[in-house]
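Novice: Sequence:
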Amino acid sequence: MTDSAKPTLLVVDGHSLAYRAFYALPVDNFTTKDGQHTNGIYGFLSMFVNLLKAEKPTHLAVAFDTSRESFRTREYTEYKANRAETPAEFRGQIPLLQECLEAMGVTVLSKPDYEADDILATLATRGAAEGFRVLLCSGDRDTIQLVTDEITLLYPSVQGVSQLKRYDPAAVVEKYGLPAEMYPDIAALVGETSDNLPGVPKVGEKTAVKWLTQFGSLDALLEGADTIKGVVGGNLREHLDDVRRNRKLNRLLRDVDLPVGPADLARKPLDAQAVREVFARLEFRTLLPRVFEAAGAVADDEPVAAGEQAPAPRELAPAELAAWAAAAEGEVGVTVTLLGGAPDRIGLSAGGEAVEAAWSDELGAQLGAWLASSAPKVMSDAKPQLKALSRAGAPVAGIAFDVLLAGWLLRPSFPDRTLAHLVERYLGEKLPEADPSQLVPEQEGATPAQLSWYTLRVADGLRDELPEAVSSVLTDIELPTLVALVDMELAGVAVSHEKLSGFSAELGTRAEALAQEAYAVIGREVNLGSPKQLQEVLFEELALPRTRKTKTGYTTDAGALADLQEKAPHPFVGLLLQHREATKLKQIIDGLDAAIGADGRVHTTYVQTGSQTGRLSSTDPNLQNIPVRTEESRRIRAAFEVGAGYEALLTADYSQIEMRIMAHLSGDPGLVEAFNSGEDLHRFVGARVFGVAPEDVTPAMRTKVKAMSYGLVYGLSAFGLSKQLRIEQSEAKALMTEYFARFGAVRDYLRSSVEQARIDGYTETIFGRRRPFPDLTSPNRVLRENAERAALNAPIQGSAADIMKIALFRIHDDLRGYASRVLLQIHDELVVEVAPGEWDEVERIVRERMGGAAELTVPLDVQVGRGLDWNEAAH
DNA sequence: GACTGCACGTA
DNA sequence: CGTACGTGCAGTCC
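Going from the first sequence to our numbering is simple: count from 1 and add 26.
Please note: incorrect hints may appear among the correct ones.
[Unchecked claim] Straight-line alpha carbon distances no greater than 20 Å define the calculated SDA-like cross-link-like pairs of lysine to any residue that follow:
{"#": "1", "residue 1": "201", "residue 2": "222"}
{"#": "2", "residue 1": "732", "residue 2": "773"}
{"#": "3", "residue 1": "749", "residue 2": "764"}
{"#": "4", "residue 1": "575", "residue 2": "60"}
{"#": "5", "residue 1": "575", "residue 2": "559"}
{"#": "6", "residue 1": "294", "residue 2": "125"}
{"#": "7", "residue 1": "236", "residue 2": "200"}
{"#": "8", "residue 1": "82", "residue 2": "194"}
{"#": "9", "residue 1": "759", "residue 2": "790"}
{"#": "10", "residue 1": "106", "residue 2": "95"}
{"#": "11", "residue 1": "274", "residue 2": "299"}
{"#": "12", "residue 1": "201", "residue 2": "181"}
{"#": "13", "residue 1": "749", "residue 2": "585"}
{"#": "14", "residue 1": "593", "residue 2": "753"}
{"#": "15", "residue 1": "749", "residue 2": "583"}
[Said to hold, decoys possible] What follows is a set of in silico ranges between Cβ atoms, one per label pair, in the way DEER data are often shown:
{"#": "16", "residue 1": "870", "residue 2": "538", "range": "47 to 53 Å"}
{"#": "17", "residue 1": "617", "residue 2": "870", "range": "32 to 38 Å"}
{"#": "18", "residue 1": "55", "residue 2": "620", "range": "37 to 43 Å"}
{"#": "19", "residue 1": "620", "residue 2": "349", "range": "42 to 48 Å"}
{"#": "20", "residue 1": "312", "residue 2": "285", "range": "32 to 38 Å"}
{"#": "21", "residue 1": "617", "residue 2": "702", "range": "42 to 48 Å"}
{"#": "22", "residue 1": "681", "residue 2": "311", "range": "39 to 45 Å"}
I should point out that these hints are in silico values taken from the structure, not numbers from a laboratory.
C-beta: ideal position from N, C-alpha, C; glycine also.
When you get a sec, could you build the whole thing from the sequences and use the hints?
Specialist: Below, the structure written as structure tokens:
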């Protein structure tokens with residue numbers, strides 16, 4: 027057998043190479059948004075894919091140490107005892123690296139009590155015996171002893187991990203002057219400082235090689251130690267035991283009992299979905315295509331399991347399709363494909379059959395009754411489809427399951443965004459998709475009926491994984507909410523172009539004047555919207571004191587500029603702040619204006635899977651961040667008007683819902699009393715904290731406890747509180763101490779809820795919505811503490827979101843039969859458009875439904891306002 | 001054109 | 001070194 031015909035086995039020492047990468051790459055450039063360090067992982071994988079590309083191994087494994095304990099440390103307790111504690115920043119990277127490798131289809135091996143190099147030695151020895159060409163990659167010099175004609179070592183050079191030196195027998199002789207199997211003899215004499223194995227004093231590589239050449243072997247040398255003259259001879263005689271011990275410890279074990287042998291390590295295809303996912307989490311972007319390329323040849327050989335063959339779709343006439351649906355038993359998968367927002371085709375599936383038809387008015391008429399009935403329908407991303415059907419005059423009821431929503435509930439941090447993703451994850455199959463880049467695709471995409479068939483099967487897969495409580499959240503909260511959102515998005519909200527464009531022009535003029543003034547102050551024109559150019563002006567030309575650092579320089583955000591105004595006032599800074607304010611408002615206004623449709627209304631899209639806590643998010647445009655804080659910005663809200671044919675806008679918002687939930691969850695007697703007393707919350711809390719009568723709580727006291735109360739919900743620290751209130755940290759600390767002395771159950775609850783989450787791995791809202799928190803046990807402090815704060819907040823923010831959703835869909839349902847309709851949801855506020863003559867009824871419904879959405883130990887307070895525009899209604 | 005970082009609007 | 005979002009611009013890379 028020639029060498030090229032031999033299979034190639036590559037075994038890598040994961041730990042030692044990742045560790046080298048960790049020190050070779052600057053950690054600052056390899057940290058995710060969340061604070062996870064990734065330099066070791068990145069460096070390793072980068073080297074690893076290069077290796078795969080260059081060497082094209084047919085068999086592959088990466089070995090890791092399990093811990094620092096091994097049979098060697100038991101035999102010689104000093105072994106490696108001088109090594110500094112592994113940095114926590116590195117330790118946390120190993121499990122993630124293993125996750126990457128497993129996603130890439132690479133076998134990861136480790137064995138308690140053994141070091142990775144023993145695994146390398148075992149696999150190399152067996153591999154060579156079984157006819158493999160073996161490549162080893164390790165940063166540990168002891169592996170040199172393994173080199174033979176069949177076994178080559180790739181050893182990272184000092185510069186880092188990108189350069190690998192090839193050691194075959196000749197290269198070893200060239201470098202050390204002795205054959206590979208004698209390298210451990212040299213090492214035993216010289217000693218290994220990094221392993222805390224002292225050798226013979228004054229003996230280096232040169233002397234060791236000279237002696238070994240002279241005597242032919244280590245044993246012969248030790249036998250003849252008496253014949254060696256000089257100080258080194260004496261040293262050798264005094265350290266004979268050390269040398270024997272070193273030689274014993276640096277011998278790698280070639281017969282470790284492993285669950286797999288070389289032949290079992292044939293390369294496997296990577297799990298594309300898993301790789302994408304873990305790389306996204308680690309924020310590796312450039313690495314992704316490199317990994318796919320390196321794995322390409324393998325992935326193509328073995329495509330994802332074809333799975334069951336989708337049934338051939340039957341094309342039916344409208345009446346036939348309606349009859350088929352009416353006769354279907356149990357759940358029916360429903361897929362509507364869209365063309366410009368209107369239904370194009372519809373496909374149904376049940377009982378392994380798949381039927382479909384082009385959408386037409388006639389089909390709408392025939393199928394309308396079934397669509398509107400409670401017959402259970404299973405869909406994927408139902409909202410846009412339901413909107414299209416509703417527009418086409420065919421409203422849908424009976425949504426029993428939405429696979430996209432269910433997938434999000436299971437994994438809110440990284441939801442699968444398409445049915446194809448879900449098919450891959452829950453069925454392990456590939457959804458047939460036409461390649462959009464090909465004019466004549468090799469493969470036809472699934473038809474609507476086939477998509478419905480897949481949807482039904484994915485739903486089954488999801489149901490197996492959905493805990494009961496989460497399943498109730500889907501059925502009892504999310505699906506009813508989905509139906510309400512369809513109508514809200516279709517309704518839109520009337521916005522006055524006249525009001526907006528007038529305001530925009532005003533702001534444009536003002537911004538331009540401010541800019542000119544600012545240019546005059548510094549004597550040149552700059553782009554005031556460029557943080558980079560601003561930094562030059564502020565910190566170099568004007569030499570103002572530098573602000574907080576960002577990744578790319580020094581911040582120029584509003585808070586920092588306000589500080590600057592106090593410390594080192596300069597007219598430019600004030601003008602800049604005013605310019606920012608004007609251009610920001612103008613930008614929001616122009617964006618909104620552009621979003622006004624032909625019907626004079628703005629139709630946002632609510633993303634039901636848009637948050638990790640259970641909140642909705644709003645896009646195109648985002649109507650959940652319309653300014654409200656300043657008098658001027660409220661002119662934008664005034665442009666949101668009651669629509670033609672309606673009488674008024676009603677706004678209803680929960681007051682302090684998150685604090686009420688905290689009172690409920692903690693059961694703190696003081697906080698519960700505060701809400702039941704009817705007293706102003708912050709006045710009541712201030713009175714307790716500062717030990718004064720409620721009427722003697724000053725505005726300053728109220729501000730402080732208010733910031734503290736809200737901060738609690740977010741996991742605020744004394745540092746953060748002091749910054750927020752611009753007070754000394756010691757005062758913030760004292761405030762926190764006093765607060766908790768009065769409201770101790772709050773602290774106890776917050777603590778225990780995070781601890782519970784650490785145990786369970788997830789948090790839970792009052793209604794059973796879960797959010798996983800794997801980082802609560804991370805050794806990376808930044809990561810862990812970030813997770814702790816988020817875990818603190820998740821049940822509170824999430825329960826509030828649940829309550830609002832419940833109120834929302836109940837109000838939506840109650841308003842059936844009224845012309846009035848819900849238009850907007852802004853987390854704790856609803857905006858309703860009220861038809862003439864319906865105000866009293868609508869107000870009653872809204873108050874009852876919002877107030878009664880949950881039974882807490884404290885009441886849910888609802889504030890209602892009425893007006894002709896959103897600003898007016900808010901008062 | 002795609003992507004990132006900054007800044008900033010809301011609850 | 002307080003949670004949860006979305007958007008627009010400048011700058012950078014391809």
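Novice: Now, for every hint given, state plainly whether the structure supports it.
Specialist: Here is what the structure says about each hint:
| no. | hint | verdict |
| --- | --- | --- |
| 1 | 201 x 222 | violated, 24 Å |
| 2 | 732 x 773 | holds, 16 Å |
| 3 | 749 x 764 | holds, 18 Å |
| 4 | 575 x 60 | holds, 17 Å |
| 5 | 575 x 559 | holds, 16 Å |
| 6 | 294 x 125 | holds, 15 Å |
| 7 | 236 x 200 | holds, 14 Å |
| 8 | 82 x 194 | holds, 18 Å |
| 9 | 759 x 790 | violated, 30 Å |
| 10 | 106 x 95 | holds, 10 Å |
| 11 | 274 x 299 | violated, 46 Å |
| 12 | 201 x 181 | holds, 13 Å |
| 13 | 749 x 585 | holds, 11 Å |
| 14 | 593 x 753 | holds, 16 Å |
| 15 | 749 x 583 | holds, 15 Å |
| 16 | 870 x 538: 47 to 53 Å | holds, 50 Å |
| 17 | 617 x 870: 32 to 38 Å | holds, 36 Å |
| 18 | 55 x 620: 37 to 43 Å | holds, 38 Å |
| 19 | 620 x 349: 42 to 48 Å | holds, 46 Å |
| 20 | 312 x 285: 32 to 38 Å | holds, 35 Å |
| 21 | 617 x 702: 42 to 48 Å | holds, 44 Å |
| 22 | 681 x 311: 39 to 45 Å | holds, 44 Å |
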